[in-house]
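*Asks:* The lines below spell out each chain.
Protein chains: 4
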Amino acid sequence: MRVGIIGAGRIGKVHIRNISLFVPELEIKTVADVFANEQTEAYAAQFGIKNVTKNADDIFNDPEIEAVAICSSTDTHSKYIIEAAKAGKHCFCEKPIDYDLKKVHEAIDAAKKAGIRLQVGFCRRFDHNHRAVYDMVRAGKIGKPHIIKISSRDPEPPPIAYVKVSGGIFYDMAIHDFDMARFLAGDEVEEVFAAGAVLVDPAIGEAGDVDTAVVTLKFKGGTIAVIDNSRRAVYGYDQRVEVFGDKGVAMNGNDIPNTATFADANGTVGGTAFQVMWDRYEQAFVSEMKAFAKAIVNNEETPVTVEDGLYPVLMAAAATKSCKEGRPVKISEVDV
Amino acid sequence: MRVGIIGAGRIGKVHIRNISLFVPELEIKTVADVFANEQTEAYAAQFGIKNVTKNADDIFNDPEIEAVAICSSTDTHSKYIIEAAKAGKHCFCEKPIDYDLKKVHEAIDAAKKAGIRLQVGFCRRFDHNHRAVYDMVRAGKIGKPHIIKISSRDPEPPPIAYVKVSGGIFYDMAIHDFDMARFLAGDEVEEVFAAGAVLVDPAIGEAGDVDTAVVTLKFKGGTIAVIDNSRRAVYGYDQRVEVFGDKGVAMNGNDIPNTATFADANGTVGGTAFQVMWDRYEQAFVSEMKAFAKAIVNNEETPVTVEDGLYPVLMAAAATKSCKEGRPVKISEVDV
Amino acid sequence: MRVGIIGAGRIGKVHIRNISLFVPELEIKTVADVFANEQTEAYAAQFGIKNVTKNADDIFNDPEIEAVAICSSTDTHSKYIIEAAKAGKHCFCEKPIDYDLKKVHEAIDAAKKAGIRLQVGFCRRFDHNHRAVYDMVRAGKIGKPHIIKISSRDPEPPPIAYVKVSGGIFYDMAIHDFDMARFLAGDEVEEVFAAGAVLVDPAIGEAGDVDTAVVTLKFKGGTIAVIDNSRRAVYGYDQRVEVFGDKGVAMNGNDIPNTATFADANGTVGGTAFQVMWDRYEQAFVSEMKAFAKAIVNNEETPVTVEDGLYPVLMAAAATKSCKEGRPVKISEVDV
Amino acid sequence: MRVGIIGAGRIGKVHIRNISLFVPELEIKTVADVFANEQTEAYAAQFGIKNVTKNADDIFNDPEIEAVAICSSTDTHSKYIIEAAKAGKHCFCEKPIDYDLKKVHEAIDAAKKAGIRLQVGFCRRFDHNHRAVYDMVRAGKIGKPHIIKISSRDPEPPPIAYVKVSGGIFYDMAIHDFDMARFLAGDEVEEVFAAGAVLVDPAIGEAGDVDTAVVTLKFKGGTIAVIDNSRRAVYGYDQRVEVFGDKGVAMNGNDIPNTATFADANGTVGGTAFQVMWDRYEQAFVSEMKAFAKAIVNNEETPVTVEDGLYPVLMAAAATKSCKEGRPVKISEVDV
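Chains as they are written, first to last, in the numbering used here: chain C, 1349 to 1684; chain U, 1349 to 1684; chain S, 1349 to 1684; chain P, 1349 to 1684.
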């Protein structure tokens, strides 16, 4: 099946490489990027891709291309989904669909109406550790989830310029955790309470955002989840989940590059965390694309659905409002 | 230094044994229990204690006795603290001082006025694992605390009859965690948000309580803490703390009776948790009493102070109110 | 049941304290030590023991005393066992019975003939971690043992003066591991191969001993065990066992004082090992004495038998010979 | 740089895939396999390789090809190395070079004389966990190695037909561990003592081999290493190393697919080991080939040298002799 890639920045390059090397079901015919240049062409050529264009329409208008991966900037996601829907092409779209709920709904509606498949890039669902916890939960090992705990901390905050346009920590960073909480709970959130603070960098506060947050989620079925986020963990990526239920608890440790330890009189030292996101989730990026390929080739539901694209944005909206107003906010308050 | 024990129930017996075996600085002269009987005498005799009485005044009026350990039912704590203050005797008092904030203040005021030392039985401060995390935090290793996480789960809910008079999960169970959060943060809480649910046993809900809770604490200095509680962890006691700061993170694992593991094709199995609280905190009960003895013998501040007796009760009051009203509650709202 | 303690040095004091505090079935009537002085009396008095003597016969001749704990220097063990046997008193004897196999046999024969119970102080059998592995093995979880691995390393070598009279690393240090190997295997050793080196301190080599050793044991039933010893692990006590069989593997980690860890950019640090043997095996010393008390009070076989006193000495003899001669040595070669 | 692959069985296919996907410095021009068929061609075609032949000479005679990867059966390794040497082509050769020491020497001599580079496929040197331990040792963190421990256990024995021609457990399985011991020690072995037993399957014994072994290695510099091997660990691959020295200890845990754990009243369960070698060492196979490419492209020494191809075979010869004769065997006894 032939596919087109829209956007050849950092994440676009990762998907180009991964599809080329590891997803034999898909063949990239065309790469479109508004800033496409010789370097883009050289990168594509490495993987035998000859068509590089500045115009995404070269993809949408190509009848040979059956699916697109939207890896462009967030503000263009919904627009491209709608164009893909019109052209009848399946979509893999990086998260989030949009920060504007109206646009999210429009994109989802277009996709549904056109009957195209749409998978949002919540790659952490495919991480070997998180997935193993999820599998235990879905297999019923822990029974009904009572408490879900997610720690999600980044090594470094993004540049302030980015923070200003990022939509804030809840849209930009916690959105992965909102997806993970729903994924693990198998239920929808009713109410969100977000406590935020500026403890990492005052400039983040001046930009109107927080850099440290604890978010409590009340699910419809009674499950309570709590997410803690920090923009800077000096020890590197820290991503752990825990699901506690009436039959037991499932959890994972933080993923680390190796298990080697060293002990002397100062203690036992080991387990430096990953410092680079691409290393931390290398396997997950491959796995999500394999899953997308499998779904569209076999004409099956994608493992991340259009609703999965909507709800984390609703949760981010509720968390942002809760953090600002200092009160719990219901999901029903923020949907449009 | 001679001491008297008031209350010879389960926890009183633990303190009688521990003082007799492990705290050579203290000698128990008298044990008072309103239900004292032959069994009480036999238990005391094991440790060479000859005086067993039904009347606590036999302790308060004995000029040889310099300190008392109050191990009677919670509703009598504040009364006995006030009597001890009048008699000029130092107090070790089981937690909490009272559920009624007015009584807590009266007891504390009496103790302060009389100049007696008062240590509240927050034994977990003395647990080897929690203490090791605390020591790292106090040594400045993690820098300023940004996020504190406490998981605190019991193996089994108490009988419903007890639940009804317990004051609720926040006074009865989370109070240890409120103390731990303050202890680790080195700061006071400003606002509390408690999300609660009845997921373990509907009878707990009918008794007006919750059995599952996630409590978010905002500290004055910006630290955010989150506590998760459950009345029933099928795998046994689960007590873990984590303090994340700008220089690193300190945490402990759950304490387990041994490190032995077994592996076969089904995985690696190990680490059954403690099932009985007295086993889980055996060392902590000894250590807190040694610390009390050291403080009063050397005329030093006790490691748990009168204020440490007050604030967790304030936090429990705020959490209870927050859970009922579904909104964050400031500590200033609940103090009397 | 009244008991006497012979030898009030370091290990004698530990047993005096443990019996007094934790073993209510036994009452220490008399402590005998050839160097007994005021300090000995003061130590005994702390635990309410009034009789302190320089003459062990005061114990052997006392009809009220039914058992003795022999905690004197190794060269006196067999003599005192024989005297105890004559006097019809049960014996707890510190390890080893003797370095001289002839004396070991004489002591064991005397004990058997007199029908007294004799427990040798292989305390590690009672360590919570080692015992948990043993329990899994005995419960059949790992099936038949194929490979047993024991790491046993001390924080510091003993003084050279002691090394010279210690009988060497195999009698002095590895003897615990020889006992542990038999205990875990549930079988007897046929052949021993010991590779030794002087890597820690040349003075140990000059004293005729090695400080680093790897010992391979072939058991009659086919199990192969390997022990590695070092006189100096800079990180503290390191004591781990592993039993691998046809149905699985059971192992323990090294015991550490607490589970707290700290992570920063340099890695995750945790788990300083114990530095002092008395801390490392504190619980094991108590448990072995409780087990001895239970056995003699209930007139049952002791959990460490007279044969258990013999075989580790045979293994030490074979290991010493093997290390010197550079060849495997059969147990049958060294027995007398 | 163009390369040829000789042998397209299981391991050959792995190298074809890895070179094609992950080693851009190398381009596979030709695949030779005596049993080459349509399937071989289809496999090669997947990776854009057009030349598939039954005749290895098509590679040796091709002046465009600068290096070969020898992935054919062990008995052909030395022959192909010699041919590659004659043709002036660098070699990557699967382990071992041969079981016959004379042939090993001939191959090594030919390679040396011709000045070609020769890397033997000891892939475990490139495993992330083992490498991390190695890096710590080489960085001097543990000081001088005193004791090295290697556990190396396979999930299942090979078929008896293979056991009969495998050269035995020491040539076939332990050879990786012999290489690892030298690699970690940074020294050469002087003497080997191997204790073996037939505990897994009597048919292995009937085939003249053992299935369980403990091998002690004495290094020239005094380091003692011990390797334990089993043909069947029911829990899957178990590969751990530990290097203990005068400044500390470095070790790794067994590599497992994920860190997820589950706890209930039966304990904490986690960490199923890998069941398939190709999964366990997937990254190591890629890394060793990248290292080979880097060496030959940059005209540098390969990270596994010709001597590294010789010594493990010497150790296997000594271990086999030691196990049979029941005595320690010096390396000098077995070299030809």
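Treat the hints as calculated values from the structure; they're not laboratory data. Just to be clear, a hint being listed does not mean it is correct.
Pairs involving identical chains hold if they fit within one copy or between any two copies, as the list cannot separate such chains.
Mimicking BS3-like on lysine-lysine, the simulated pairs with C-alpha atoms at most 30 Å apart in a straight line are [claimed, not checked]: (1) Lys1450 to Lys1669; (2) Lys1398 to Lys1638; (3) Lys1669 to Lys1361; (4) Lys1568 to Lys1450.
Quick caveat, the model's predicted, so the values are computed rather than measured.
*Asks:* Decide, hint by hint, whether the structure agrees.
*Replies:* Going down the list of hints, with the structure as the test:
1. Lys1450 to Lys1669: within (17 Å within a copy, 37 Å between copies)
2. Lys1398 to Lys1638: both (22 Å within a copy, 27 Å between copies)
3. Lys1669 to Lys1361: neither (35 Å within a copy, 52 Å between copies)
4. Lys1568 to Lys1450: Classified as within: same-chain Cα gap 24 Å, cross-chain 38 Å, threshold 30 Å.
Of the numbered hints listed earlier, the single one contradicted by the structure is hint 3.
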